[in-house]
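Enquirer: For reference, the chains in residue letters:
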Amino acid sequence: MGDSQYSFSLTTFSPSGKLVQIEHALTAVGSGQTSLGLKASNGVVIATEKKLLSILVDEASVQKIQHLTPNIGTVYSGMGPDFRVLVRKSRKQAEQYLRLYKEPIPVTQLVRETATVMQEFTQSGGVRPFGVSLLVAGYDDKGPQLYQVDPSGSYFSWKASAMGKNVSNAKTFLEKRYTEDMELDDAIHTAILTLKEGFEGEISSKNIEIGKIGADKVFRVLTPAEIDDYLAEVE
Amino acid sequence: MQIFEYNGSAVVAMVGKNCFAIASDRRLGVQLQTIATDFQRISKIHDHLFIGLSGLATDVQTLYQRLVFRHKLYQLREERDMKPETFASLVSAILYEKRFGPYLCQPVIAGLGDDNKPFICTMDSIGAKELAKDFVVSGTASESLYGACEAMFKPDMEAEELFETISQALLSSVDRDCLSGWGGHVYVVTPNEIKEKILKGRMD
Chain A
-14 MGDSQYSFSL TTFSPSGKLV QIEHALTAVG SGQTSLGLKA SNGVVIATEK
36 KLLSILVDEA SVQKIQHLTP NIGTVYSGMG PDFRVLVRKS RKQAEQYLRL
86 YKEPIPVTQL VRETATVMQE FTQSGGVRPF GVSLLVAGYD DKGPQLYQVD
136 PSGSYFSWKA SAMGKNVSNA KTFLEKRYTE DMELDDAIHT AILTLKEGFE
186 GEISSKNIEI GKIGADKVFR VLTPAEIDDY LAEVE
Chain B
7 MQIFEYNGSA VVAMVGKNCF AIASDRRLGV QLQTIATDFQ RISKIHDHLF
57 IGLSGLATDV QTLYQRLVFR HKLYQLREER DMKPETFASL VSAILYEKRF
107 GPYLCQPVIA GLGDDNKPFI CTMDSIGAKE LAKDFVVSGT ASESLYGACE
157 AMFKPDMEAE ELFETISQAL LSSVDRDCLS GWGGHVYVVT PNEIKEKILK
207 GRMD
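Quick mapping for you: the protein sequence lines, in order, are chains A and B. By my numbering, the letter at position 94 of the first sequence is numbered 79, and the numbering carries on one by one without gaps. To convert, count from 1 in the second sequence and add 6; that's my numbering.
Derived by calculation from the structure, the hints in this document are not laboratory data. Mixed in with the good hints, there may be bad ones.
[As the list claims (entries may be wrong)] Here are the computed lysine-lysine pairs in the DSS-like style, where the Cα-Cα straight-line distance is at most 30 Å:
1. B:Lys201 to A:Lys77
2. A:Lys202 to B:Lys135
3. A:Lys35 to A:Lys150
Take these sequences, add in the hints, and give me the full structure.
Expert: Structure representation (structure tokens):
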């Protein structure tokens, strides 16, 4: 960490005005497993493929969708270990806010703080940007919200979005299928259909993960049994 | 010499029907000498949130500046005003940060929360919150204020009656305390307006 050859920022500008490392980070995201999110009128759903390395992996131990607070959940596309670090930092920031104000952190504030962390890693010496894009789903006083946070630290609020390998097909499908007054269950069906679009192989409750939050403001990851029910309804 | 009694102060807040009142004395002294008779102890944080600070005057001013700073940043970041309960938690945290070298003030916080429900609380100089449903007091005249408020307070008073009650409680209490007085400064806050009045009592 003291070697002067490495104590410069990897994200120095290229002559074309781009930060090449961030572009590469986005490529890492783009080759990750597909994940997507939809904002319904009364909740938000996020979902992801859960392709495991081999059939010997214990799929119950892998959880890609994580809670940040009781009413905010997140999923990623890209590098799993980088995601774990961000989840840890975001959870700490949410708890610090709660400790200071005795009020749960609004979704926008948590997204902004997480994005700030990601931006710091694009402007410091000796570090590299995070190789993940996050989809953050939450429900607070302002209603249901869905945000995407990129490795550069920019964040966007979406009605529906997708990331990862199958992003362009998924987004086209969502553009056609999405309606503003969708209810949460419809949104879950649409999410499953969107994942099915580019899915290699048979979709089942063992190789996708779905998280949802409704007006009860409690974020939950669906159990495989619940996913099976939704899959049956979609058929 | 007691440091909390160096400048002299009296602050009281009372809950009414969808309104609250917060009042303070106006004397600033250096022990027995009176220096000013128009000292501001109560300050507005936003239209539905006021804080009154009793105790050492320099800390009253500095703490107020720090709190306004924090609230302004909060307003810019979150695009909304702070709720009174949230603000009270913030004040408590800021006071506790200085646990071993505290601000020598006792805040009285009064505000209208969600649905215009009045909220009052006080805390000691290291942030121990005390919520109350009727009234809170602080300052050198606090013992007299407790007695006067207990005797005069009625629940669910309208703004006019609340103003009369808090003014009488304040003036009668500071008359028994040589370090506070020289008039009173009362704010009565309803969901739609803020009424500010200066009281003339025994000018000594």
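Enquirer: Determine for every hint whether it applies to the structure shown.
Expert: Hints, verified against the model:
1. Using a Cα cut-off of 30 Å, the hinted pair B:Lys201 and A:Lys77 is violated, with the two alpha carbons roughly 43 Å apart.
2. For a cut-off of 30 Å, the pair hint linking A:Lys202 to B:Lys135 stands: about 28 Å separates their Cα positions.
3. Between A:Lys35 and A:Lys150 the alpha-carbon distance is near 13 Å, which keeps this suggested pair within the 30 Å criterion.
Of the numbered hints stated above, the single one contradicted by the structure is hint 1.
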